[in-house]
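2 protein chains.
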Amino acid sequence: MPQDHIRPSKPEVSEFALGARTYFERLQGEICAALEHADHVAKFSVDRWDREGGGGGVSRVIQDGALFEKGGVNISEVTGDLPERLAESMNVATTQFYATGISLVLHPRSPMVPTVHMNYRYFEQQDGNGWFGGGSDLTPYYPVLEDIVHFHRVLKRACDAHDSAYYPKFKRWCDEYFFVRHRQERRGVGGIFFDYLKGDRARNFAFVQSAGNVFLESYLPIVERRRDLPWGERERRWQLLRRGRYVEFNLVYDRGTLFGLETGARAESVLMSLPPEARWEYAMRPEPGSREAELVALLMQPRDWVMEYEGK
Amino acid sequence: MPQDHIRPSKPEVSEFALGARTYFERLQGEICAALEHADHVAKFSVDRWDREGGGGGVSRVIQDGALFEKGGVNISEVTGDLPERLAESMNVATTQFYATGISLVLHPRSPMVPTVHMNYRYFEQQDGNGWFGGGSDLTPYYPVLEDIVHFHRVLKRACDAHDSAYYPKFKRWCDEYFFVRHRQERRGVGGIFFDYLKGDRARNFAFVQSAGNVFLESYLPIVERRRDLPWGERERRWQLLRRGRYVEFNLVYDRGTLFGLETGARAESVLMSLPPEARWEYAMRPEPGSREAELVALLMQPRDWVMEYEGK
Numbered sequence: 001m002p003q004d005h006i007r008p009s010k011p012e013v014s015e016f017a018l019g020a021r022t023y024f025e026r027l028q029g030e031i032c033a034a035l036e037h038a039d040h041v042a043k044f045s046v047d048r049w050d051r052e053g054g055g056g057g058v059s060r061v062i063q064d065g066a067l068f069e070k071g072g073v074n075i076s077e078v079t080g081d082l083p084e085r086l087a088e089s090m091n092v093a094t095t096q097f098y099a100t101g102i103s104l105v106l107h108p109r110s111p112m113v114p115t116v117h118m119n120y121r122y123f124e125q126q127d128g129n130g131w132f133g134g135g136s137d138l139t140p141y142y143p144v145l146e147d148i149v150h151f152h153r154v155l156k157r158a159c160d161a162h163d164s165a166y167y168p169k170f171k172r173w174c175d176e177y178f179f180v181r182h183r184q185e186r187r188g189v190g191g192i193f194f195d196y197l198k199g200d201r202a203r204n205f206a207f208v209q210s211a212g213n214v215f216l217e218s219y220l221p222i223v224e225r226r227r228d229l230p231w232g233e234r235e236r237r238w239q240l241l242r243r244g245r246y247v248e249f250n251l252v253y254d255r256g257t258l259f260g261l262e263t264g265a266r267a268e269s270v271l272m273s274l275p276p277e278a279r280w281e282y283a284m285r286p287e288p289g290s291r292e293a294e295l296v297a298l299l300m301q302p303r304d305w306v307m308e309y310e311g312k
Numbered sequence: 001m002p003q004d005h006i007r008p009s010k011p012e013v014s015e016f017a018l019g020a021r022t023y024f025e026r027l028q029g030e031i032c033a034a035l036e037h038a039d040h041v042a043k044f045s046v047d048r049w050d051r052e053g054g055g056g057g058v059s060r061v062i063q064d065g066a067l068f069e070k071g072g073v074n075i076s077e078v079t080g081d082l083p084e085r086l087a088e089s090m091n092v093a094t095t096q097f098y099a100t101g102i103s104l105v106l107h108p109r110s111p112m113v114p115t116v117h118m119n120y121r122y123f124e125q126q127d128g129n130g131w132f133g134g135g136s137d138l139t140p141y142y143p144v145l146e147d148i149v150h151f152h153r154v155l156k157r158a159c160d161a162h163d164s165a166y167y168p169k170f171k172r173w174c175d176e177y178f179f180v181r182h183r184q185e186r187r188g189v190g191g192i193f194f195d196y197l198k199g200d201r202a203r204n205f206a207f208v209q210s211a212g213n214v215f216l217e218s219y220l221p222i223v224e225r226r227r228d229l230p231w232g233e234r235e236r237r238w239q240l241l242r243r244g245r246y247v248e249f250n251l252v253y254d255r256g257t258l259f260g261l262e263t264g265a266r267a268e269s270v271l272m273s274l275p276p277e278a279r280w281e282y283a284m285r286p287e288p289g290s291r292e293a294e295l296v297a298l299l300m301q302p303r304d305w306v307m308e309y310e311g312k
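For the record, the sequence lines run as chains A and B.
Residue 1 is where the first sequence starts when you use my numbering, and the numbers rise one by one after that.
Residue 1 is where the second sequence starts when you use my numbering, and the numbers rise one by one after that.
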């Protein structure tokens, strides 16, 4: 294989890792097919890319659709030496590593339809030490309780099938992870987030597959309920301002984004999470009592969506 | 003074530091007056803010003007204990510190008028160790050689009056500092950048004043030459896409922005540098031979503007 010349540090990859990659590929295909169907108009493009130093990926992007203004579903694998700074922040040795994952962000055109993110990944070191991480979270512009509860319930069910401790733990972790410190608010209304899921790899992989497999069920019903709602300039402006906050989180805090940029992954693929358009207005504050103010209140104080709803 | 209660760690501030702050205040006033005059329509708002832990600032913002879509000229002072991570990255002790500075970013409405940034700051530690940093740089969307050379010549003249080694050194530093690694391009066509300017404080302060004082002369003639040029949707889209890159630099790499966010300065003031509107399109590349492609070529390969021009 000629590319072996430029991949001198390619580590041994376990059968297990290849199984994870195969699953992520299949999931990407399934999700893209369902999203194209939902969009009615736009199709996903396909870009394959190689990473200097080892690995590469397949970026599938949808733009200017009827439903999706911009969206991306990427899979990638990275092999090589872990940069020192990253190894330190991850508290692992700077040995050769292999990472593979799926990453998805959808920015709908309508401000009435939430933005959604999903990412699952498997990371393995030369010594065979391996773990999973990832999660999925929802970012509405005009939040509806029913939608938020639906999203969380579907994820909770996927968690509960494996370990009843997962959902409460990963839900809280998500609220903590997607905290935009300088704004003192969360990026959205959460979901689940976990990292360094070690131990029984086969068991953990089964859980990750359950979580990945429910993505469409967690999101598409919300899209169908909200896609035909009317909206105008006011809602669009609010959506663009909130998308600005999304950019702030992704570029300042998101580990996946910084990991991608620091390990030299293809910038266009890493940054496909950024919205097609965003706004920043100085010292903008929504009118008290407005629906926009209601969203901000939700982002300041996370709630226990499923418990609250089932308590009714 | 009642606020002494919430400023327990207020360090002794030298007369020298107060002199720097006074200069930055005066410069802010002068610049805002001239920019309002140039805008014809919009006025700067004034927001005073206090920082928990010590210090505060005055943010002056102009929005929705005839010339400026959004612009800010801030002064601030920060006192307190330096966060450990920052002290480490700055290679200084984690003692109490005092910092004061002026920071300016102007985003014109017309894509034919460049965005400009200027920042000068003074940083002092409890032990009396103090230094200056800062610079000014230009970010055109449709670059014109005459404008770039003008901008650099004015800065060069201000440098040369103090030390003929300054301009070549600070020009190169600027090209290095404003490098967006993941895009392999610079943010703009540069200017000057320096940091940790230690030694004879009075002499360094005189230099910083010269550099600050020429800001209007470096920028306004470019504005006047380009503000009435026609532009349409194509130019606007290009401006928004390039502004997206501006956001990427500021949130991923800019030390001033990260310093502000990490030291708990007012987020709205730190982030006034972000553009009013920005775009991201997947894998966008300008048409070969176009004026947009010409800009990208300039950003990939910095040039010695003043030398080239004077060589003609």
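Worth flagging that the hints you see were computed from the coordinates, not collected in a lab.
Where is the CB? At the ideal position from N, CA and C, for every residue including glycine.
Incorrect hints may have been included.
To be verified - Here are the computed distance ranges between Cβ atoms for each label pair:
{"id": "1", "chain 1": "A", "residue 1": "E25", "chain 2": "B", "residue 2": "E294", "range": "36 to 42 angstroms"}
{"id": "2", "chain 1": "A", "residue 1": "E84", "chain 2": "B", "residue 2": "P230", "range": "47 to 53 angstroms"}
{"id": "3", "chain 1": "B", "residue 1": "E52", "chain 2": "A", "residue 2": "N129", "range": "39 to 45 angstroms"}
{"id": "4", "chain 1": "A", "residue 1": "H40", "chain 2": "B", "residue 2": "R303", "range": "44 to 50 angstroms"}
{"id": "5", "chain 1": "A", "residue 1": "D195", "chain 2": "B", "residue 2": "M300", "range": "32 to 38 angstroms"}
{"id": "6", "chain 1": "B", "residue 1": "R236", "chain 2": "A", "residue 2": "D127", "range": "50 to 56 angstroms"}
{"id": "7", "chain 1": "B", "residue 1": "A165", "chain 2": "A", "residue 2": "E233", "range": "50 to 56 angstroms"}
{"id": "8", "chain 1": "B", "residue 1": "P221", "chain 2": "A", "residue 2": "A34", "range": "52 to 58 angstroms"}
To be verified - Residues from chain A that keep clear of chain B, each with C-beta distances beyond 12 angstroms, as calculated:
{"id": "9", "residue": "D47"}
{"id": "10", "residue": "M112"}
{"id": "11", "residue": "R153"}
{"id": "12", "residue": "V154"}
{"id": "13", "residue": "Y166"}
{"id": "14", "residue": "Q209"}
{"id": "15", "residue": "R226"}
{"id": "16", "residue": "R227"}
{"id": "17", "residue": "G244"}
{"id": "18", "residue": "E262"}
{"id": "19", "residue": "G264"}
{"id": "20", "residue": "P276"}
{"id": "21", "residue": "A278"}
{"id": "22", "residue": "A283"}
{"id": "23", "residue": "R291"}
Inset, instruction - Quick one: which hint numbers does this structure break? Sort them smallest to largest. - result: 9, 17, 18, 19, 20, 21, 22
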